[in-house]
Each structure stands twice: as structure tokens, then as C-alpha cells.
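Peer 1: All chains, full assembly: derive it from the sequences and hints.
Number of protein chains: 2
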Amino acid sequence: MQVKAPRRGPLVAIGGAEDRQEAAILSRVLGLSKREEPVVAVITTASAIPQEVFDGYEAVFSTLGAAEVLDIRIRERSDAADEDFVAMLRRADVIFISGGDQMRLTNILGGSPVLEAIRARHSEGAVVAGTSAGAACQSSTMIYGGSADDSLRKGAVKMAAGFGLVDGVIIDTHFLERGRFSRLMEVGATNPELLGVGIGEDAAVLFKENKILAFGPGHVILVDSSGITRSNVFELDDGEAVTVHDVKMHALVDGYGYSLSDRRVLGPEELGAESLEPRIAYT
Amino acid sequence: MQVKAPRRGPLVAIGGAEDRQEAAILSRVLGLSKREEPVVAVITTASAIPQEVFDGYEAVFSTLGAAEVLDIRIRERSDAADEDFVAMLRRADVIFISGGDQMRLTNILGGSPVLEAIRARHSEGAVVAGTSAGAACQSSTMIYGGSADDSLRKGAVKMAAGFGLVDGVIIDTHFLERGRFSRLMEVGATNPELLGVGIGEDAAVLFKENKILAFGPGHVILVDSSGITRSNVFELDDGEAVTVHDVKMHALVDGYGYSLSDRRVLGPEELGAESLEPRIAYT
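So the sequences go chain by chain: A and B.
To convert, take the position in the first sequence, counting from 1, and add 981; that gives the numbering used here.
To convert, take the position in the second sequence, counting from 1, and add 981; that gives the numbering used here.
Since the hints were made in silico from the structure, they are not lab data.
Owing to the predicted nature of the structure, the values given are computational and were not obtained by experimental measurement.
Wrong hints could be hidden among the right ones.
A pair counts as met if it fits within one copy or between any two copies, since identical chains are not told apart.
Calculated cross-link-like contacts (lysine-lysine; reagent style BS3-like; alpha-carbon spacing at most 27 Å) [as the list claims (entries may be wrong)]:
1) Lys1229 - Lys1135
2) Lys1189 - Lys1135
3) Lys1189 - Lys1015
4) Lys1015 - Lys1135
5) Lys1229 - Lys1015
6) Lys1192 - Lys1015
7) Lys1015 - Lys1139
8) Lys1229 - Lys1139
Peer 2: Right, here's the structure in full:
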């Protein structure tokens, strides 16, 4: 299948709990903007404690050299039509979406002028990055719930429509820390076409054309169900145990990548300058 | 490679937290003895609360029709040479090893007359079954520690020598509930020859000749690293992030099996009477 590349700008998904001291990931996110002093807009809509979350990111992005850190404080749907927020986003070089509850993001931003502004800036080349809920929302189909220890039972993983900033993948976060492998195995059984991208804490992926590049100290687990030979999922009632055979997984670390068109891992030597680019950008 | 079949009797590994009411798994364990009223010996060495654990199993095995439930109360190495315990084990039809700490099991029973008695009864046809720690100890190499959220870092998964009741596999328990997929991915990177057998709670496997048969309400995840194409594990220092590519996984449920010699999943239709046998035995 054809995996649609993200639009023009870089798209970064972070697995949550990214380090703020060394800031290996956040510094690369700013570096991707290719501006010395980028304007960063922070969307805290997913969070129940937006002030605290904004303060934290304002501090780290300022330290990393942002010219301005804009507080896009959208709490309800009427805010998402606010012209001031749209104007702020229009001048952002980096749009950063915080963690929290991804259903708040899609519910409040879905179909809004603010989401249109995000898409417009992205297609003009701005960086869009998100962590945890802000990463999960990026795929066309979004996981929003389902306990990992009770998944692989039909209907256990809850899915809804995401922002569709990248197609052909489904993104899960806090992946190793919360043992969410079985969630992406269930997703793959329901539709083997989607590549599962399970991002660990303090790990990130950059979607670039039809490649995924892993970076940061943590792990990225790819769950490729395209070759599954059998599953009982369509025979079951909700709650019954799912079997699925021949799921392929890859554990990637910083410097490794994956070709979405060839469905294979790319090593650092193959990626060459590409895998180094985000590193160089922030040094 | 040749996977050694277990010795003569059935060997059952349970993923922990097996149900005591419906007792789908425990009733099948007794059924495998092919005795109407089997003698069951319960080894509680792994547990810090042996009385409570023994009382629980005595109740459930009695209800299921055991003629006797023997309390093999081994707390230290000197107990493991006790002739009374050896004599009790010699007349057991089912030897059941409780959960707790698997390192207590290998430390206290390793090289003892009691372990020799267990092996002797097993080779004479007795059922050996264990849950949680009592399952993990069954493989030749045993996992005894390593936090799931910090694994896939070199050296994170702790291994030691187990009882070697089955070769060619490495057993992990509470597998889905504690998200231990990354532990078996790390194990597979260190030695791709071993098939990872990750057993969920209230799930079990029967090792029978060169087959693995899954039963019970939960899931069994098999982690086949034999086809991995690359890993950096030997290049790393302890604590560094491990990459591993092309790991194959299978989620099995009751009625499905796996051929250790062919390394492929067997469906219920292929297993035929074999997959049904343990079910018939307890009805």
C-alpha cells in the first residue's frame, strides 16, 4: 500500500515524559525548524493543568533559544475559532501539542479554524510536534483508550478519528513503560494495513516523506501486521480473546529508521546524513 | 535446532493468577494425570506465605477431586533433602509448584534430593505443573527479574539457570498484564535460538513432545527471534538501548498450538483431538 507522506513540514511524535534537562528530543524539535530563534506555539488543550504544562515548556523552549513561546490556551470549542489564536499559529515556526487526553484534542479542535491553521502552517513547512496525547492524535485513526493488560480481547482498544497528519500508521505512546504491545497487536488484527508505531518515553519519531526516523534516548517499537497469516478477530464477540499469528516487530533506537514503502528497517549506515540531520541541527 | 521434548509426563506452565472458581486451568492439570482421584503434591517454596498458599490450593484441588493434597513445606536447603518429602513426592500423580520468587526455588531446590524426586516422577509420567515463579523455573535458562519498563537495555533482564524441565524455550509469566514483551525481545536478541513463551494470567501451556498447546481463558504470546536480521546487543555496554529487527510474535488462545520443530502456529483443526484432550479430561 501507499503510505501518504506527511505534508511539507517535519512531523514529530514523542512517546511522553521527554527529558527537560538534557532535552535531547525537544532541542532537535526546535532544530528541525532551521530557524536560529524559532517562534514556538504550545497547545495545552489536552491537559487538565494547562498553566503548569505551559510554564514547563515555556522554560525549556526559552532555554533552547526560542524567540517567543506562545500560549495557545484553548479550553473549549469556541476558543478554537478565536482569531487571535489563529493569528498566533500563523506566525509559529514550531507548533507543539502537549500531553493529556487525546479525546479532548479531537473533540475541541476537530474541524476548527485553529486545526485548519495548524494544517496550513504544516504545509508551509512549519514543524508540528506532539508528546503523548499530542502524538497519539496525529494519525488518521487514533487510539484513545483500552487497558494494556486487558487488551487482545475484541473491542478492548478504543479508537477514533485523529487529525490525520500522517496516514498508514497508528501511534501509541508510553509504549514500553505501560506494556502496550498487545494494544498494537489488536489494532493490527483489526486492520493489518496500519503500521503500529509504539513510542517509548523519552523517545521520538520524525515522519519524513515515506520514512520514519527514530531519535532520542528511548525505544520505538514498530508493529508490522501486514504479513499476519491468521486471526480469529472477525469471528468473535466483544470481549473474547483474539489470536493473531506472524506479527513482525522491530525495536529501533536513535539513528535507525524504517521505510514505510518497503516495510523494512533502515540502519544508520543506510540513512547516512539523513539520520544525522536532526542531531546536527541542535548542536 | 532440535528442541528437546519434556520427559515422559505432561509439563504445564501457568502465567499466574489462575482462576480458582471456574478453575478451567487447574481442573485440566488434574485431568492430565488420567487418574480419577489423583494425589497432588504442592510445593510452596517460592512463596513468603506458604500456609495461605497451601490452604488455597488444598481447597481447590480437593474440590476438583484430588484424593490427597500433600503439603511439601520446604523452606530451606536442609528441608530439600528430607526423606519424608521425597517419599511424599514419590507417590504424587501431580506435582504443583506455586508462585512467589523463582530464585527461592532454584536456590533451595537446585541439586537437591527433592528436585531429583520431581524429575524421577516426571519421567515416570507424573504431571508437573507450576504457576508464575513455578512456571518460570521450568526452562533451562530462567528469567528472574528486570523491570519491563526498563528492559531492552543491555543487561536489564536478569537470567539464571532454571530446572531444565523443558529446553529450547524461555518462560515468562504475567506477560500481558505486566507488559513484558520487551523482556522477551531482549532475551531473543541475546540468543535467538530460544523461543520466548510469554504466558498471560489465567492462561497456560502444555509442553507435549515437540509441541506447545495453549489452554485457559488468557493469552499466550510466543516470541520467535530465530529470524532476526540485526541487533546491536553485542556492541553495547550494560544499560545501553538495544535494537532488534524482525522479531516474530504470535498471540495464541485456547485450542491453538505451536510446533517447536517447524516453528509455526498450529490451528485447532490441525491439532484435532490433541487440542481437545485436556478439555475432555476434566469434563
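Peer 1: So, for every hint listed, does it hold in this structure?
Peer 2: We went through each hint and held it up to the structure:
1. Proximity of Lys1229 and Lys1135 under a CA criterion of 27 Å is satisfied in both settings, with 20 Å inside one chain copy and 21 Å between copies.
2. When the C-alpha separation of Lys1189 and Lys1135 is checked against a cutoff of 27 Å, the pair qualifies neither within a copy, at 33 Å, nor between copies, at 29 Å.
3. In this assembly of identical chains, Lys1189 and Lys1015 lie within 27 Å of each other by CA distance solely inside one copy; the values are 15 Å within and 61 Å between copies.
4. Taking the shortest Cα distances, Lys1015 and Lys1135 never come within 27 Å of each other, neither inside one copy (45 Å) nor across copies (35 Å).
5. When the C-alpha separation of Lys1229 and Lys1015 is checked against a cutoff of 27 Å, the pair qualifies neither within a copy, at 36 Å, nor between copies, at 39 Å.
6. Taking identical chains as interchangeable, the C-alpha atoms of Lys1192 and Lys1015 lie at most 27 Å apart only when both belong to the same chain, with a minimum of 20 Å there against 57 Å between chains.
7. Proximity of Lys1015 and Lys1139 under a CA criterion of 27 Å is satisfied in neither setting, with 37 Å inside one chain copy and 44 Å between copies.
8. Proximity of Lys1229 to Lys1139 under the C-alpha cut-off of 27 Å is found in both arrangements, the shortest distances being 22 Å within a copy and 25 Å between copies.
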